[in-house]
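Chains as they are written, first to last, in the working numbering: chain S, 610 to 724; chain C, 222 to 333.
Warning: the hint list may mix true and false statements.
[Unchecked claim] With a Cα cut of at most 27 Å, we get these calculated DSSO-like pairs of lysine-lysine:
(1) S/651 / C/291
(2) C/299 / C/276
(3) C/299 / S/651
(4) S/692 / S/651
(5) S/666 / C/299
(6) C/294 / S/666
(7) S/651 / S/666
(8) C/276 / C/294
[To be verified] For the chain C half of the interface with chain S, some residues (derived, Cβ under 10 Å), not all of them:
(9) 254
(10) 258
(11) 265
(12) 314
(13) 322
Honestly, the hints are just simulated from the structure, not real lab data. Nothing here was measured: the structure is a model prediction, and the numbers come from that model. Cβ atoms here follow ideal geometry from the backbone N, Cα and C, with glycine treated the same way.
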Amino acid sequence: EPEVTQTPSHQVTQMGQEVILRCVPISNHLYFYWYRQILGQKVEFLVSFYNNEISEKSEIFDDQFSVERPDGSNFTLKIRSTKLEDSAMYFCASSESYRGVDTQYFGPGTRLTVL
Amino acid sequence: AQTVTQSQPEMSVQEAETVTLSCTYDTSENNYYLFWYKQPPSRQMILVIRQEAYKQQNATENRFSVNFQKAAKSFSLKISDSQLGDTAMYFCAFMRTDKLIFGTGTRLQVFP
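Bound-form chain C, shown alone (with noise of 0.2 Å):
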């Protein structure tokens, strides 16, 4: 069964610095997709960022791109410039068949 751990349960970061955040997941798969899904306080879900496992390149959205390393089965999220309104929990999510499995998540804060 595929699974997906996110180590970090809370990261900080000041304004206008840049974090990453972590993800690992297991899966004997090699055909599969990499999401990054951002939920804020009002708890919606929104996309941040997506990756096809069949492609090298790691993916890029504005200030937002990621880290795919295959082989290791990672997949980080960096995040350029870090604004106020990035503050969210940041769920990582495999996707094989038709269902997404997401991590349990991290929080980031993002301080003034």
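Isolated chain S, as found in the complex (with noise of 0.2 Å):
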């Protein structure tokens, strides 16, 4: 069965730092997403993004967040400073359509840790 991957599993960096979080969603997809979960939280939203551009956007993906679809198999996430508050689960998602016709299969996430 197909299914949305991540990379990767755990990333651990330095505050200032730069990082990129990979994923590769459901060959087919069209519609790519980007959430995040804080620790004993719960999952946020952050990015959808569609034909190579932000759909919409939450509060917290701010000018330190970019998206990017290098390539016709790769979605991205960049932090481009971390802090210290960005330690968090990042889960990316897919789906074929959007607007709820059709349902958003998540990767496995990708465990940030920001020292």
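These two chains come separately, so use the hints to put the complex back together.
Rendered as structure tokens:
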């Protein structure tokens, strides 16, 4: 069964460093998402992406964050200068279409630890 | 703004028994979608069940079923014949545009 994959599974970085989290969505999916979950808290929407453009972003997704689909398979989330409060689980998701018509399928997540 | 509330931080159930997890939401929209996701200790988010608001019939997936009360804005999850592998965090989620809005989750422990 097709699945969303994410690498790395765990990333440790120093405050102020740049990190890139990588995702490979399900191959026939066209809509891509990033969510994050701070330990012990609920999952929060960061950004949605379609046709090489951001469709929607939350207030969390400030200028320190960016997303890109550099090739036909990868979808990346970049954090330019990490802060301690960026420590969280980051989930990538994809769907065949959007607005609830198709379900979002989640990857296994990348645990980001900022020291 | 849409909100999702899960009022039960923790629940427990004995293996083979039935348990119901509660979820309420607030929206002024008429067309939307509701989901239950399961998050086991591995922290992966796994879809359990979905419900389209325009459908009156409650969704069912094997041992999992929902009680969707649109007027009351309630969307509870019933797990029948609970299994040890059902032990996880369960998140209720609302979708209107292309983003999911999650509740705070209910931690379910299934005891042998």
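Consistency of the hints with the structure:
1. S/651 / C/291: At roughly 24 Å apart (the allowed maximum being 27 Å), residue 291 of chain C and residue 651 of chain S satisfy the hint.
2. C/299 / C/276: 18 Å, holds
3. C/299 / S/651: 21 Å, holds
4. S/692 / S/651: Distance of about 19 Å is within 27 Å: holds.
5. S/666 / C/299: 33 Å, violated
6. C/294 / S/666: 26 Å, holds
7. S/651 / S/666: Given pair residue 651 of chain S, residue 666 of chain S holds - Cα atoms ~17 Å apart, limit 27 Å.
8. C/276 / C/294: 14 Å, holds
9. 254: 3 Å, holds
10. 258: 8 Å, holds
11. 265: With a minimum Cβ separation of about 5 Å from chain S (threshold 10 Å), the hint on residue 265 of chain C holds.
12. 314: 8 Å, holds
13. 322: Constraint on residue 322 of chain C satisfied, holds at 7 Å.
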